[in-house]
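Chain by chain, the residues run as shown.
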Amino acid sequence: MPYEVQTSVFEGPFDLLLHLILREQVDLYEVSLARIVDAYLIEIERMEVLDLEITTEFLLIAATLVELKCKRLLPEDLDIDIDDEFALWEERDLLIARLLDCKTFKDAAQVIGLLFDSASLSTPRTAGLEEQFMEIAPDLLEGIDLEDIKKAFIRATTPKPKPVVSIEHIHSIRVSVTDAVEELIDELPRVGTVSFRRLTDSLVERLEIVVRFLAVLELFKQGFIELDQPTAFGDIQIIWIGSPALGVADLSDIDTYEG
Amino acid sequence: MSAESRRALEAIIMVTDSPLEAEVLAQLTEQSIAEVESQLAELAAEYADQERGFQLAHVAGGWRFQSHPAMAPYVERFVLEGQSAKLSAAALETLAIVAYKQPLSRAQIAAIRGVSVDSVVRTLEQRGYIGEVARDPGPGQAVLFGTTPLFLERLGINSVSDLPSVAEFVPGADVVEALEHGLRVDALAVPAPDASGSTDERPTLDDLLDGDPSA
Amino acid sequence: MSAESRRALEAIIMVTDSPLEAEVLAQLTEQSIAEVESQLAELAAEYADQERGFQLAHVAGGWRFQSHPAMAPYVERFVLEGQSAKLSAAALETLAIVAYKQPLSRAQIAAIRGVSVDSVVRTLEQRGYIGEVARDPGPGQAVLFGTTPLFLERLGINSVSDLPSVAEFVPGADVVEALEHGLRVDALAVPAPDASGSTDERPTLDDLLDGDPSA
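The listed protein sequences correspond, in order, to chains P, G and E. Residues in the first sequence are numbered consecutively from 1, following full-length UniProt numbering. Residues in the second sequence are numbered consecutively from 1, following full-length UniProt numbering. Residues in the third sequence are numbered consecutively from 1, following full-length UniProt numbering.
The set of hints was computed from the structure by calculation and includes no laboratory data. Warning: the hint list may mix true and false statements.
Straight-line C-alpha distance at most 27 Å; calculated DSS-like pairs for lysine-lysine [claimed, not checked]:
#	chain 1	residue 1	chain 2	residue 2
1	P	Lys151	E	Lys101
2	G	Lys86	P	Lys71
3	P	Lys71	P	Lys221
Over 12 Å on every C-beta distance to chain E, these chain P residues come out as not near it, computed from the model [to be verified]:
#	residue
4	Glu48
5	Thr56
6	Ile82
7	Leu88
8	Leu95
9	Leu100
10	Gln110
11	Leu114
12	Asp117
13	Glu130
14	Asp139
15	Glu142
16	Phe213
A virtual CB, placed ideally from N, CA and C, is assigned to each residue, including glycine.
Using the sequences and the hints, build the whole thing.
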């Protein structure tokens, strides 16, 4: 499947969720949360100015999804805190409301697209004044100053955004957690022990460092590595304890082995 | 004098290069706006009756001559350029949000779409479909966006109130149900039919993160 | 088919901004020139009979719609009252490009603006703000435009070197290319530098969506 074609189909986590639940009719249990979290991270990275409000909302939604999934996967806890339970329902409903809102405008967008299409069948007349009236026409430059001319020039020659957005996605996907896990599984067996600072000193983007940290946590959960942090806020030592024979291709086998 | 003023309206609209408001036409022909509007409606009906190749259209708050949609195949052969490229789905969605919820900020649009909208907002601004209409009075004074007359013109409508009511697009009960099922909280609920097989195994941590226990 | 082609003629002539030759119209409507000419004469007579405020006139070797001379007082009033005196954003941008980058051809202006600029260039020329200043020495000898003394006068400057500096501003690559080649740039035809090669080892979107436990 050509990469670009697929990426352009989904724009962000809401789109992904709507598609998975409504079209594919899959259940949250089957949805890959890491991928949705990745989708959020990509969106946050795409923001030109880091907007705290949006970032917080994105994280809140991602957290709600994780909580819902935990709740569904873990064995029933007998002493459930009723307040926590209600809070989760509330967050879930909020998420559904957001998805519905998003869906509403997706459908409205289609109608607007149709209106554009049907209106484009008519071409407006823009011929303007006939020559004989030109002479009496007032000066068109009335009220226009040098600054307006400069601004108009800059507006006209500013680089136009590329019509295809999918390339940005391709670029952003470099920072997926899965990629980072695969890189680490490839690298850690060779070095044995390494500090987190060392592991990330070649990375420039903060997001890449965050993603690598998430990958380290993931490997810790999977039992591939030991973590050691001798002093608070000190550097973290990462010690590879997984089977050195395991390669990237074997990552998926771990699941069945554990299960 | 009505015949004379109808002729005058035809002449004036013929030489404008953008939709002309009934108010201006009323001043120029020394009539009330209501009179002008009824004459314009008459003219538009006449052209339709006579099956003219052009229409008198009421768009973006004004009146203009335009080619009849049925003649598009002929006009397209002639007008090759200038037709702007189609908008992406993302741009249309953003435009729909701005059209129905204006004025609103970039952050509000992003919250609804669940994605960063910086570049798509810029594209729509460059196309001239949306623009800054106000500033948020709150801290930060965020730019509030709204649709422009050009947007109405390109859509062939007179004002945003001509858009279908947003209520028409509110998802039905089936969608709500599907979302509630897909995101249900209760662990004991019956799993979706196609999730069979994998549910009786004890979930691993990887399931939690990845949902992909056996792939 | 004559009714259809008459409609087509009306539509095409309505949306063009300079007189169209019968020959072009014949091609567009797939008829003989004689047929086109007789239909045009019929239409012109119809408008006269119906005392329309516009005419179908044969000027400068072509056909166009224009306001009826009897309605000139209304059109003049419209012009004098300044209702027509808005320099559109498109016209202002075109004027600015000519001012800063002169001399340049119509094709170069069109390549920068990404749309056909014929009517805008004509308006600016008619208004006396821009004019032919040279001919491209290359094949085709395209007209090269520049601003006029009237333009300088209206802006209150002595020469174009008095325009505010845009030195610190870097124009888009498409603009630079348009100025270098004078050719129309198709943004889609230019491959994005980072779109190739590097994607192979990246996960596919299938991975992104992969949540199916039974896959």
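The hints, checked one at a time:
A threshold of 27 Å between alpha carbons decides the hint, and for Lys151/P with Lys101/E the separation of about 14 Å falls inside it, so the pair holds. As the CA atoms of Lys86/G and Lys71/P are separated by approximately 44 Å, the hinted pair breaks the 27 Å bound. Under the criterion of a C-alpha separation no larger than 27 Å, the hint pairing Lys71/P with Lys221/P is consistent with the structure, at around 18 Å. The Cβ of Glu48/P sits about 17 Å from the closest Cβ of chain E, beyond the 12 Å cut-off, so the non-interface label holds.
Every Cβ of chain E is farther than 12 Å from the Cβ of Thr56/P; the closest lies at roughly 24 Å, confirming the non-interface assignment. In this structure Ile82/P is separated from chain E by more than 12 Å, as the shortest Cβ-Cβ distance comes to about 30 Å. The claim that Leu88/P lies off the interface holds: its Cβ sits roughly 21 Å from the closest Cβ of chain E, which is beyond the 12 Å cut-off. Look at Leu95/P: its CB is around 17 Å from the nearest CB on chain E, clear of 12 Å, so calling it non-interface holds up.
Distance check for Leu100/P against chain E: the nearest CB is about 22 Å away, which clears 12 Å, and the non-interface claim stands. Residue-level check passed: Gln110/P sits 23 Å from the nearest beta carbon of chain E, beyond 12 Å. With 12 Å as the threshold on Cβ separation, the claim that Leu114/P sits away from chain E holds: the shortest Cβ distance comes to roughly 22 Å. Consistency note on Asp117/P: stated as away from chain E, and its beta-carbon is indeed over 12 Å from all of that chain's, at 18 Å minimum.
Some Cβ of chain E comes within 12 Å of the Cβ of Glu130/P; the nearest lies about 5 Å off, and the non-interface call is violated. Listed as outside the interface, Asp139/P is inconsistent with that label: its C-beta sits roughly 6 Å from the nearest C-beta of chain E, within the 12 Å cut-off. With a least CB separation of 7 Å from chain E, Glu142/P falls inside the 12 Å interface cut-off, contrary to its annotation. Against chain E, the non-interface label of Phe213/P holds: every CB pair exceeds 12 Å, the least being about 20 Å.
When held up to the earlier numbered hints, the structure conflicts with 2, 13, 14 and 15 and fits the remainder.
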